[in-house]
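Required output: the full structure, derived from the provided sequences and hints.
Letter by letter, the chains look like this.
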Amino acid sequence: MNPASDSEKEECRRLLDGLSLYLDGEAEAALCAEIEAHMAECENCRIVVDTLRKTVLLYREESPAPLPSDVRRRLYAALKLEDYLVTGKGE
Amino acid sequence: MVDTPTIDETVLLPRLKAGDQAAYAQAVEAYSAQLYHVALRMLGSEAEAEDVLQETFLDAFKNIDRFEGRSQLSTWLHRIAANNALMRLRKKRPTFLSVDGLTGEHDDGNGSQVPKQLYDWCCLPESELLTEEARAEMRAAVEDLSDALRVVFVLRDIEGLSTQETADVLDISASAVKSRLMRARLALRERLTAYFQGAGPEETR
Ligand SMILES: [Zn+2]
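Protein sequences, first through last, are from chains A and B. Quick note on my numbering: the first sequence kicks off at 5 and runs consecutively. Quick note on my numbering: the second sequence kicks off at 103 and runs consecutively.
Derived by calculation from the structure, the hints in this document are not laboratory data. Glycine included, each C-beta is placed from N, C-alpha and C at the ideal position. Be aware that one or more of the hints could be misleading.
As the list claims (entries may be wrong) - Using C-beta positions, here's what the derived DEER-type ranges look like:
no., chain 1, residue 1, chain 2, residue 2, range
1, B, A296, A, D28, 18 to 28 Å
2, B, E111, A, D54, 22 to 32 Å
3, A, D10, B, N165, 50 to 60 Å
4, B, T233, A, R57, 38 to 48 Å
5, A, E66, B, D273, 47 to 57 Å
6, A, A69, B, L160, 18 to 28 Å
7, A, D21, B, G171, 34 to 44 Å
Unchecked claim - For lysine-lysine, the following DSSO-like pairs were computed, each having C-alpha atoms within a straight-line distance of at most 27 Å:
no., chain 1, residue 1, chain 2, residue 2
8, A, K84, B, K164
9, A, K58, A, K13
10, B, K193, A, K58
11, A, K13, B, K218
12, B, K193, B, K164
13, A, K84, B, K119
14, A, K58, B, K218
15, B, K193, A, K13
16, B, K218, B, K280
17, B, K193, B, K119
Written out as structure tokens, the structure is:
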């Protein structure tokens, strides 16, 4: 890791605010270009962007489980909707 | 919204207001899994998530007359569930109690934004990223976020709500959602980076 100059660090910090928008594809074209140009020069920021993107992906990959069947059954009971508790779904 | 079964709220709502039990069951079927998941990720406890789920629907059905339909029914249900979960968190951790509550900009903790961990783990094999231990670390990391950051992260990145939906659920501005999401993601990245650096094979440093 080469010691970054103060102006470089300032640039890193300034672009940081836009990274989340950049990852969500919501950043304006000019900001995208700026971030990409900076990443090509700055290894630290390249790592931050890549690992930030991967962090979000890992959480999104964790697929939401269906409602456990006993939780579902107790919910219908609490709401007095047992008559509508069709089996075969999540059972 | 992701994974929500197709349901026509304009048809459902009048039936709910009329006390139609079949309509109640339909709403429960459509939204219960998602609401349970939000509560589980917020609270980290299956028992508490189940309580939140039941209370959310009891509360919603009791107050359905007061729902004016200015937001989506799903947004309204998410709001009830998220507020219920946040209330439980505040009771558990009174030190995080703040007068300006969720709308305060200084109570959301996890302050330092500047990335410190610079280990590049993004290309580790899936077999290392997806271990049970890594999963547990990911969940623990979410639980360690401040309440204000966690609720935004859970709704946006885990449940896949849009920025605007999240803002509507929490009654905060879209720009507040964006800035909290950013801080949440950076805090999680920091923690996962430290974890994967420790867990990674020797030769990658
Ligand atoms: Zn940089």
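Hint-by-hint comparison with the structure:
no., hint, result
1, A296/B x D28/A: 18 to 28 Å, "holds, 24 Å"
2, E111/B x D54/A: 22 to 32 Å, "violated, 40 Å"
3, D10/A x N165/B: 50 to 60 Å, "holds, 56 Å"
4, T233/B x R57/A: 38 to 48 Å, "violated, 20 Å"
5, E66/A x D273/B: 47 to 57 Å, "violated, 27 Å"
6, A69/A x L160/B: 18 to 28 Å, "holds, 23 Å"
7, D21/A x G171/B: 34 to 44 Å, "holds, 36 Å"
8, K84/A x K164/B, "holds, 13 Å"
9, K58/A x K13/A, "holds, 23 Å"
10, K193/B x K58/A, "violated, 33 Å"
11, K13/A x K218/B, "holds, 12 Å"
12, K193/B x K164/B, "holds, 24 Å"
13, K84/A x K119/B, "holds, 17 Å"
14, K58/A x K218/B, "holds, 17 Å"
15, K193/B x K13/A, "violated, 41 Å"
16, K218/B x K280/B, "holds, 21 Å"
17, K193/B x K119/B, "violated, 33 Å"
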